[in-house]
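Chains as they are written, first to last, in this note's numbering: chain A, 1286 to 1562; chain B, 1286 to 1562.
Honestly, the hints are just simulated from the structure, not real lab data. Misleading hints may appear alongside valid ones.
Simulated restraints, written as ranges between beta carbons of each label pair [what the hints assert, rightly or not]:
id, chain 1, residue 1, chain 2, residue 2, range
1, A, T1482, B, R1461, 44 to 50 Å
2, B, F1338, A, D1483, 23 to 29 Å
3, A, K1488, B, V1393, 25 to 31 Å
4, B, P1514, A, A1302, 30 to 36 Å
5, B, E1314, A, F1469, 47 to 53 Å
6, A, N1441, B, V1393, 21 to 27 Å
7, A, F1338, B, D1463, 28 to 34 Å
8, B, V1393, A, K1522, 54 to 60 Å
Positions of the beta carbon are idealized from the N, C-alpha and C atoms, including for glycine.
There are 2 protein chains.
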Amino acid sequence: MSTRNLSEADLTDAVLARLERCEDPRFKELMTALIRHLHAFVREVGLTEAEWFEGIKFLTATGQKCDADRQEYILLSDVLGVSMLVDALNHKKPTGATESTVLGPFYVEGAPDLANGASICLSGGGEPTEVRGRVLSLDGKPIRGAVLDVWQTAANSLYSSQDPQQERYNMRGRFRSDDKGAFFFRTVKPVSYPVPTDGPVGKILNAMGRHPMRPAHIHFIVSAPGYEPVATHIFAKGDPYLDSDVVFAVKNSLVADFKPKDGGILEVNYDFALKPA
Amino acid sequence: MSTRNLSEADLTDAVLARLERCEDPRFKELMTALIRHLHAFVREVGLTEAEWFEGIKFLTATGQKCDADRQEYILLSDVLGVSMLVDALNHKKPTGATESTVLGPFYVEGAPDLANGASICLSGGGEPTEVRGRVLSLDGKPIRGAVLDVWQTAANSLYSSQDPQQERYNMRGRFRSDDKGAFFFRTVKPVSYPVPTDGPVGKILNAMGRHPMRPAHIHFIVSAPGYEPVATHIFAKGDPYLDSDVVFAVKNSLVADFKPKDGGILEVNYDFALKPA
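Here chain A stands alone, though its shape is the one from the complex:
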C-alpha cells in the first residue's frame, strides 16, 4: 500500500489500510464503512475547500450548541431522518406491539414519580386533558407496575429544558400502571411546535427550504420487567403537521383522538402493548 503521493484514486484504500491493527472487529467495520461513505460523498460532489470549511464550521458550531439541556446533534440526526432510520433498524415490532418513534432531544432523566390521576402541569395555560389507557402484553393481558415516563411541551410550545421560566420537571412525570394495567394522568393538550431554530440545525433547515414544525404529541417511554421498553409518542389527531413532521416520526398507529368530554375537558385513550424482552 503506497503511503506517499496519494491521489484522489488511492487515498481511500490508504486510509482503510491503516485499520490493520484495529483490534475490535465491530469498530473496524463501522470505521471502514464510515470512511468509505465519507470519501465517496466528498468525491461524488467534488467538495470545494470553501464547502469543506463551511462543513467544519457547521459541525463545530453544532457541538458547541450542546449543553446539559440541549442536544443539537440529536436534533440534527432527527431532522436528517437518521434517528428514525436507526429506530426502524432496531425496533422491528411484531404485529400488535406499540410502535416506537424518535426519542428526541428533550428527554430529561429523573422526572418525579406521580400517582395515577396527578397532573404533570406545574404552571397554567393550555386545554385541560385527561390521558388514560392500559399497558398490555401482546396477548392483551394487563401489565401491572409498568413505568410510563411522560414528557411534553407546555402551552407555550416549549419543553421545560428549553425554557428557564418553567420548573425543571414541568410537564414531566413517571406513572405506574395499576393492577388492571391502567394508567391515568392529567395534562394539557400538546401543541404543534417548531424544533429550536436558533442554532446550526435551524440554519440548515432554512437553507433546505424546510419548515421546523412537529405535530403535537406526548412522549412516552413505557417499560416493564420482562418486556422490551418502547420510546414512542401519542400524536394528536387532526394536527396540521402530521404529514410533514420535521423529524419523520409519525406513524398512524400512534395518532389518537383528543375528544371533549363533559365540562369541556379533553380526554384521550391509548393502550400500549409491549413486546417480550
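For this one, chain A is given, so just place chain B on it according to the hints.
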C-alpha cells in the same frame, strides 16, 4: 411520497423529498448526497442505538474540544484522509508546480512580517537551521514579493497555539521573496510529533490501532499576485514517519534534505513553483 409509517426502505426517499423547496441547487446537491451516504452507512452497518448514541457523543465532544486555538474537527478530517482528498480534488497542479498538502489545524493568522535572514525562534532549543530557496513561475522566472507564511513546531514538538509556555507567534513568520525570488529564514530543524491525543480524535486513533505521529515538517503558504497560492510543507528527509503520516500528507516532491553546513548548522534549500491564477 408517503410521510407517515416510514420504514427502513422508504425513509431516505422521504427525507430527500423534503428538499423540494431548496432554492440553492448546489446546497441541494450537497445535502442530497450527504443524506444518501449517511443513510447508506447506517443501513449498511445496521447501526445500533448504543452505537448511534456513542456517535452523537463523539460528534458533540469533538465540537466542544474546539476553541480559538484548537480545531478538533479539522484534525478529525485530517486523520480520516478527508482533508487530503479535498486537497487532491481541488489542487490538480500542472507538472513542475509545487504540490499542495494539508493545511492542518495549527495555522494562526497574523504572524509578524520578518526580514529575510530573521529567525522565527523566540525561544531556545533545537538544531539551528537555515531555510533558503526561491519562488518561481512555472517557466522558472523569479517571482518577486511573494509572501511565504511559515509555521512549525518548537523543539518540544508543540505549536505555539498548543503551548501556553510559547509566545503566540513563536515559530511563525511571514517573509517576502526578493528581486531574485529568493527567501531566507532561520529556524530550528522541525521534529516529528504526535497530533493532539487528549481529545476525541486521539481516542478514535487509539481505537483504530493507529499511531498519532506526523513526520517532521515546516508549513508554508506561498502566495503572489497573479498566482494560485499553495499551502504545503517541506518534510525532513529521513524522518521515520514519512511512510505512515497520520494525516496522509507526504509527497515525495516535498521531502528535502536538512544538510549540515560549516559550523554544524543545518541548511535546507527548496524552490517553490507557483501555478498562474
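Results of checking the hints against the structure:
1. T1482/A x R1461/B: 44 to 50 Å: 47 Å, holds
2. F1338/B x D1483/A: 23 to 29 Å: 24 Å, holds
3. K1488/A x V1393/B: 25 to 31 Å: 27 Å, holds
4. P1514/B x A1302/A: 30 to 36 Å: 31 Å, holds
5. E1314/B x F1469/A: 47 to 53 Å: 51 Å, holds
6. N1441/A x V1393/B: 21 to 27 Å: 45 Å, violated
7. F1338/A x D1463/B: 28 to 34 Å: Holds, since F1338/A and D1463/B (Cβ atoms, about 33 Å apart) stay within the stated range.
8. V1393/B x K1522/A: 54 to 60 Å: 58 Å, holds
The structure fails hint 6 only (numbered hints given earlier).
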